[in-house]
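Q: So you can see what is in the structure, the chains are spelled out below.
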Amino acid sequence: MGNIVIEFQNVSKTYNLVSSHQLGLRETLLSLPSKLMGGVEKQTFTALDDISFTITQGESVGIVGRNGAGKSTLLSLMAGVIKPSSGRARVLGRVSPMLELGGGFHPDLTGRENIFLNATLMGIPKRQIRDNLERIIEFSELGNFIDQPIKFYSSGMMSKLGFSVITQLEPELLIIDEVLAVGDAKFREKCYETIHSFKNKGVTIVFVSHDSNEVMKLCDRAIWIQSGAIQVDCSAESALTLYGHQ
Amino acid sequence: MTLVKWHVEVLEQLIKKDFKIKYKNTVLGYIWSLGTPLIMAIIFDVAFRHVMRINMENYSVFLISGLFAWQWVSNGLNGSCWAFLGNMTLIKKLVFPKYYIPLSLILIDGIHFALSVPIISLFLYIHDLPAFYWSWLYQIPIVFLLQMLICYGLALVIASCNMLFRDIERVTTLVVMLLMYLTPILYPLDLVPSEFVLYFSLNPLLYLIESWHEIFLHGTLPLLNVECMSLSALVSVIFGMYVYRVISPKFAELG
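Protein chains in written order, with UniProt numbering: chain A, 1 to 246; chain B, 1 to 255.
Simulated from the structure, these hints should not be mistaken for laboratory data. Treat the hints with caution; some may be incorrect.
As the list claims (entries may be wrong) - Restricting the straight-line Cα-Cα distance to at most 30 Å, the calculated cross-link-like pairs of lysine-lysine (DSS-like) are:
| id | chain 1 | residue 1 | chain 2 | residue 2 |
| --- | --- | --- | --- | --- |
| 1 | A | K190 | A | K217 |
| 2 | B | K5 | A | K83 |
| 3 | A | K126 | B | K92 |
| 4 | A | K83 | B | K250 |
| 5 | B | K16 | B | K92 |
| 6 | B | K92 | A | K199 |
| 7 | B | K5 | B | K22 |
| 8 | B | K16 | A | K126 |
| 9 | B | K24 | B | K5 |
Claimed, not checked - Cβ-to-Cβ under 7 Å is the rule here; a few derived chain A residues that face chain B:
| id | residue |
| --- | --- |
| 10 | A69 |
| 11 | L121 |
| 12 | G123 |
Everything numeric in this text was worked out from a predicted model, so none of it was measured. C-beta: ideal position from N, C-alpha, C; glycine also.
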């Protein structure tokens, strides 16, 4: 077994359904007395409930589950952008997250400018970005559109740009949400090829997809999440069979 | 990549981004940054010198030497309201030192202020006043740095709190406007009735603006001002960092 790169211990995540920022200052101040008296109970939603698992170096793990099961919350916790409400979520090494279309980019900047911004914020040195710039642009197939602000991009173009940046810059831990679904078939094929080559190189991969075939092809292991809890965590084949027969 | 180098590169990228966004789709671009305080100066000059007949020597130079610095304060604080909210696509997906976002905005306004110093010099020259003092070489950087720190601390508080309550935006606009009239920018401190001077002197921005007046009009920088500003800068940055530390773990859930 390799080193542990992701370790979740009894991780729960709850969200306040009507939180103070939606109320504004006045309502918050007005509701303060009753809150202090313990009169009002906050409405909460438990997105993840007591989740524990570990992922070791070089593993490729698929996450499956229906919409709203908590997959995206799980990925955001892995990426470190949100913190667990309780429990401990530990992730070692540089994370290359591709969580959402347009995520990690600024809509007003061009594709080229966003490559630098996004990669720098992920922790990649400027020189390395510059050296790989042409390769990234070529992989993205965006051509002249690379110098257009990305707010004008279609969802397919956005997905191409995002995928090109994270794959062409030596990822350590690749987290991919269902963003490939919008790319055209040819580009998707190219992406899967790239992901498979990373797998062979020993890059840890966490992959969320509704495409069972792709999960089966890529992942050795799959976690099925339902209503915020782990339903099954075993080999991809068994997990997907169980998930398919629910 | 070492941690220090990463921090430098993150700040560099954020500054580049904010510069590009600031001048995107504008024809006159940077001219606005110089033009706005100049036009304000003309308006106040007409209103106070010609209409209200304020009795002061070189009133227009006095106005100019305070207004550019004030523009930095007011743009910096008002702009910081959306520092985090305007970058949610980044904050929700990537982990990086987010406290550099308001710093980048403050620095950009600071750079604009620095570029306006030659304009102030020109005004001094037109009014037959010394257009340059050698002492500026250390005075301007000192006050520049202190103003940057004071604004940065406040910007962190405003930007963080605005994530929780959008009311902060409205409050900021009002308070900044109020402060402009309560700081001796449009009138000299001598005109303030003596019974109010004590209250006026509680305003940390008074020392800031007075310092710029002293520097540009006399080439001097009273030690008391530096002391007061240093204290304000320290308090501001510590308070700002504290508020940021409390609220920032929730940023990605608040946008």
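Q: Now tell me, hint by hint, if it's right for this structure.
A: Tested hints:
1. Simply put, K190/A and K217/A have alpha-carbon atoms about 15 Å apart, close enough for the 30 Å limit, and the pair holds.
2. As the CA atoms of K5/B and K83/A are separated by approximately 26 Å, the hinted pair is consistent with the 30 Å bound.
3. Proposed proximity of K126/A and K92/B is supported: the alpha carbons are some 22 Å apart, at most 30 Å.
4. Proximity of K83/A to K250/B is assessed by CA-CA distance (about 8 Å); at most 30 Å being required, the pair is judged to hold.
5. A C-alpha spacing of about 20 Å is found between K16/B and K92/B, which places the hinted pair at or below 30 Å, so the restraint holds.
6. Between K92/B and K199/A, the direct Cα distance comes to roughly 26 Å. Compliance with the 30 Å bound is thereby established for this hinted pair.
7. At roughly 26 Å between alpha-carbon atoms, K5/B and K22/B fall within 30 Å of each other, so this suggested pair holds.
8. A threshold of 30 Å between alpha carbons decides the hint, and for K16/B with K126/A the separation of about 13 Å falls inside it, so the pair holds.
9. Restraint check: the Cα-Cα separation between K24/B and K5/B comes to about 28 Å, which is no more than 30 Å; the hinted pair holds.
10. Violation of the interface hint for A69/A is found here, the shortest Cβ-Cβ separation to chain B being roughly 18 Å, above the 7 Å cut-off.
11. Among the interface hints, the one on L121/A holds; its C-beta lies about 4 Å from the nearest C-beta in chain B, closer than the 7 Å criterion.
12. Restraint check, G123/A versus chain B: the minimum CB separation of about 6 Å is within 7 Å; hint holds.
When the structure is compared with the earlier hints, a violation turns up for hint 10 alone.
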